[in-house]
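**Q** Protein sequence lines, in the order shown, are assigned to chains A and B. Each residue of the first sequence is one higher than the one before, starting from 1 at the first, in my numbering. Each residue of the second sequence is one higher than the one before, starting from 1 at the first, in my numbering.
These are calculated hints, taken from the structure and not from any lab test. Note that CB positions come from ideal geometry on N, CA and C, so glycine has one too. None of the hints are false.
Simulated restraints on C-beta separations:
#	chain 1	residue 1	chain 2	residue 2	range
1	B	Glu-426	A	Pro-91	54 to 62 Å
2	B	Asp-386	A	Ile-278	43 to 51 Å
3	A	Asp-116	B	Pro-222	14 to 22 Å
4	B	Pro-222	A	Ile-95	23 to 31 Å
5	A	Gly-100	B	Ala-354	49 to 57 Å
6	B	Gly-212	A	Ile-128	33 to 41 Å
7	A	Pro-292	B	Asp-282	52 to 60 Å
8	A	Pro-91	B	Lys-214	55 to 63 Å
9	B	Glu-426	A	Ile-99	43 to 51 Å
10	B	Thr-374	A	Ile-278	50 to 58 Å
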Amino acid sequence: MLASLEGAVTAATLALTAMGLSLVFGVMRVVNVAHGEFYMLGAVIAWFVSTTLGTHPAIGFVGALIVAPVLVGLLAAAADRLILARINYDPERTIVATIGLLYILQQSTLMTFGPDARPVEPPFNSRIALPWWRQGENGLEMFYPWGLATTSYKLFIIVAAVAILIGLWVLLTRTRIGLVMRATQADREMATAFGIPVERVYAMVFGLGAGLAALGAVLIVPVQQAHYLMGADPLLLSFIVVIIGGLGSLPGTIIAALLIGMSDGIISVFFSPTLAKILATLVVAMVLVFRPQGLLGKASA
Amino acid sequence: MTDKTPTRAPFTRRAALATLGATGASLAVPGLLPGLGGTAQAQSGDPIKIGFQVHRTGIGAAYGRWYDRTSQAAVARINDMGGINGRPVELVSEDDGTDPKRGAEVLEKFANQSNCDVAFGTLFSHVVIGSAPRAAELKLPYFVVSEGHHVASGMLNRYTLQPGITDVKSQVIAMAPFVGDNLGKKVTMMFADFAFGHDHRDFFSEAIKEQGGKVIKMIAIPPTETSFTKYFPQIPQETEVLYHVMVGPAVLTFVKEMGEFFGPSRPEIFGYIDSLEAVSIDSPGLEFLEGTYFWEGNPRYAQTDQTEFDKAFREAVGVDDSGASITDPADVSTYAHMFGCWETLNVIKAGMEACNYQGPEDRQALIEAVEAMTEMPASMDHPQGDKLFNGKTHQVFGVQYISKVEDGMLKVVHTTSIEDGFYPDEVDYTTQPF
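Make the full structure from the sequences, and use the hints.
**A** Okay, structure coming up:
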C-alpha cells in the first residue's frame with residue numbers, strides 16, 4: 001500500500017518530466033541533456049517565489065506553480081532561439097549544446113542560490129494514517145501501525161499530475177496549437193510549406209517541455225528540497241522512461257513512467273532502492289536489445 | 001583579412017608563437033618567485049600560512065560554510081593576540097568539493113603552489129582518507145576535524161592528526177550506556193553509507209552489545225539520497241530505539257519523513273545531531289522530535305550552566321543563543337562540530353610555539369611538539385570543554401553531550417566524562433619514521 005503510493009508519487013512527477021523530454025524529442029528531434037536542469041530551476045524558483053511571497057505557504061505554492069513553469073519555459077524558449085536555432089537543430093551539435101547549457105544553468109544556480117538544500121513548505125500537509133487489525137486480548141482490535149500512512153500532499157501530487165497530463169493531452173489533440181505541433185512533428189518541410197511558423201513552434205515546444213519539467217519539480221519540491229545538483233536523477237530516469245516508452249511517443253512515455261515509478265516504489269520498499277535502480281537499467285538494456293524503438297515507438301523505416 | 005590591409009606586417013604563426021612564449025615566460029616568473037622565497041627563508045614579518053581544505057560545494061557545503069566562519073574567527077583572535085611566534089597567520093582557503101580526489105589535489109596545491117606551512121580543516125571522512133596519503137608524501141602536517149576513527153585506527157600516517165574533536169568510536173562508547181540504560185536494548189540503526197557512517201555501524205553495535213543490547217537491523221543510506229520514505233519500512237516492528245545518523249544536503253527531508261512514517265506511535269529515537277546540523281529544530285514537520293534524544297559535540301542552545309568560554313566563542317563566531325547566525329536566524333550553524341576548527345587552530349598555535357616553528361623545515365618538529373601534548377583544560381583555546389590528547393594515536397578525547405528535545409529546544413540531560421570514551425590504543429604513530 002505504502003509502496004504503491006510512493007511509486008505513484010514517483011511515477012506522477014516522472015511522467016511530467018519525461019513528457020517534456022519526449023515532446024521535445026518527438027517534435028524537434030532534439031535530445032535535451034539540459035532537461036534535468038530545467039527541472040532543478042523549477043524547484044529553485046519555487047523556493048524563491050515561496051520565500052519572497054512569504055505569507056501563507058499555500059499562496060507561495062500557488063505562486064510558484066504559475067511563475068516557475070512560465071519563467072523556465074521562457075528561458076528555454078530563449079535558449080532555443082539563441083542556441084539551438086543557430087546550429088540548425090543538428091542532432092550531434094544539439095547534444096553538445098545542451099550539455100553546455102546544463103553546466104551553465106547548474107553553475108549559475110550554484111553561484112546565486114548557493115550549495116545548500118532549501119526546503120519549500122507544502123501548502124497543506126496532514127498525515128493520513130490507515131488502520132490495521134490484529135488479534136489482541138479483546139479479539140480483533142484496530143491499531144495504527146508505523147508506516148501505514150501517507151500525507152495529503154502526496155495524494156495531491158498524484159491528482160495534480162494526472163490533471164496536468166489530461167490538460168496536455170487536450171492541448172495536443174483538441175487545439176490548434178496541438179494540431180500545428182503534430183503537423184510539425186509529422187513533416188517539418190510540409191508544415192513550412194503550409195505556412196506554419198516552424199521556428200516559433202520549435203521555441204514553443206522547447207519552452208513547453210522545460211515548463212513541464214519545472215512543473216514536476218514544483219510539485220515534488222515540498223516533499224524533497226531544492227538543491228543545485230537535483231537535476232541529475234530526474235534526467236537519468238526521464239531518459240530511461242523515454243527509451244522504454246519509445247522516443248517521441250507520448251502514450252508510451254506515460255506507460256513507461258508508471259511502470260518505472262511503480263516498480264521503483266515497490267522494489268525499494270520490499271527489497272532495496274539500489275536493486276530498483278539496477279532493475280530499471282536492466283529493463284532499458286533489454287528494451288534496447290529486443291525492441292529498439294521502445295514499447296510504443298514506431299519502427300523507423 | 002591580411003590582403004585588405006597590406007601595409008601591416010603579416011602576422012605569421014612564428015611571430016605569434018614567439019609572442020605567446022614570451023608572455024608565458026613572463027607569467028611564469030612571478031609564479032615561481034614566491035615559491036623560491038617561501039622555502040628559502042621565512043622572515044619574521046611573513047605570515048604563517050595555514051592551508052584550509054574547505055567543503056564549499058558538494059554534500060558538505062553547510063558544514064564548510066560554518067567551518068569557514070569559525071576558522072576565520074579563530075585566526076582573527078590569534079592575530080589579535082600577536083599571531084604565532086610574532087608572525088601573523090593567514091588562512092589559504094581552497095574548495096575541495098567534498099570530493100576525495102579534489103581533496104588530494106588541494107593538498108598538493110597547498111604544499112607546492114601557495115607554500116602553506118600546514119594543512120587543516122577537513123571534515124568529511126572520505127575526503128580525509130583520500131587526502132591523508134598525499135599529505136604524508138608531501139610531508140605536510142595535516143590537521144583534520146573529522147570525527148572519523150580513521151586517525152586513531154592506524155589507517156593513516158604520522159602527518160595526519162586530529163587534536164580538535166573526539167572520534168566516533170570514543171563518542172559511541174561513551175554514549176552507549178545511556179542508550180542501553182534509558183532508552184532500550186533493541187536498536188535499529190540508520191546511517192550514512194560511507195566511512196563515517198560505517199564507524200557508527202561498527203563501534204555502536206559493539207558498544208551496545210557490552211550493555212546487553214543488540215542491533216537488530218542496520219539500514220545504510222547513500223549520503224546523496226534525496227527521498228527516504230522507501231527506507232523506513234525496513235525498520236522491524238520490535239525496535240525499541242531508532243539510532244539515526246545521516247549527513248548530506250537532504251537531512252531535513254530524512255528527519256521529516258521519519259516523522260511521517262512513525263506518526264504518533266514512534267519508538268525511542270536517539271540521533272546524532274549530524275542528522276540535523278545546519279537545520280532548525282523547529283522546522284515545520286519536526287514536531288515529532290519532542291522528547292527524542294541527540295548526541296551533540298557541543299550544545300547548540302546556550303544552556304543555563306553555559307561557560308564563559310562558550311559565551312565568548314559564540315560571540316566571536318557570530319552565533320546566537322539558539323545556535324543560529326546573529327545576522328540571519330534562518331542560517332543555523334553546525335555548532336556540534338565547528339568548535340573543532342577553533343580548537344585545532346589553537347593546538348597548531350601551541351605546537352608551533354612549543355617548537356619555535358620558523359618554516360617548512362620545522363614541520364617534523366611541529367608534529368613532535370603536538371604529539372607531546374596531553375591535557376588541554378577548558379579555556380578560551382578549548383571552549384567545548386576539557387580534553388586529553390593521545391600523542392601515540394594522534395587523537396584527542398573530550399566530553400560528549402546528550403540532549404533531549406524539550407519545547408523545541410535541545411536541553412543537555414547527560415554529559416559524559418572523558419574517561420567514558422577511552423579505548424585501548426590501536427596504533428603508535430610516534431614509532432613511524434617521518
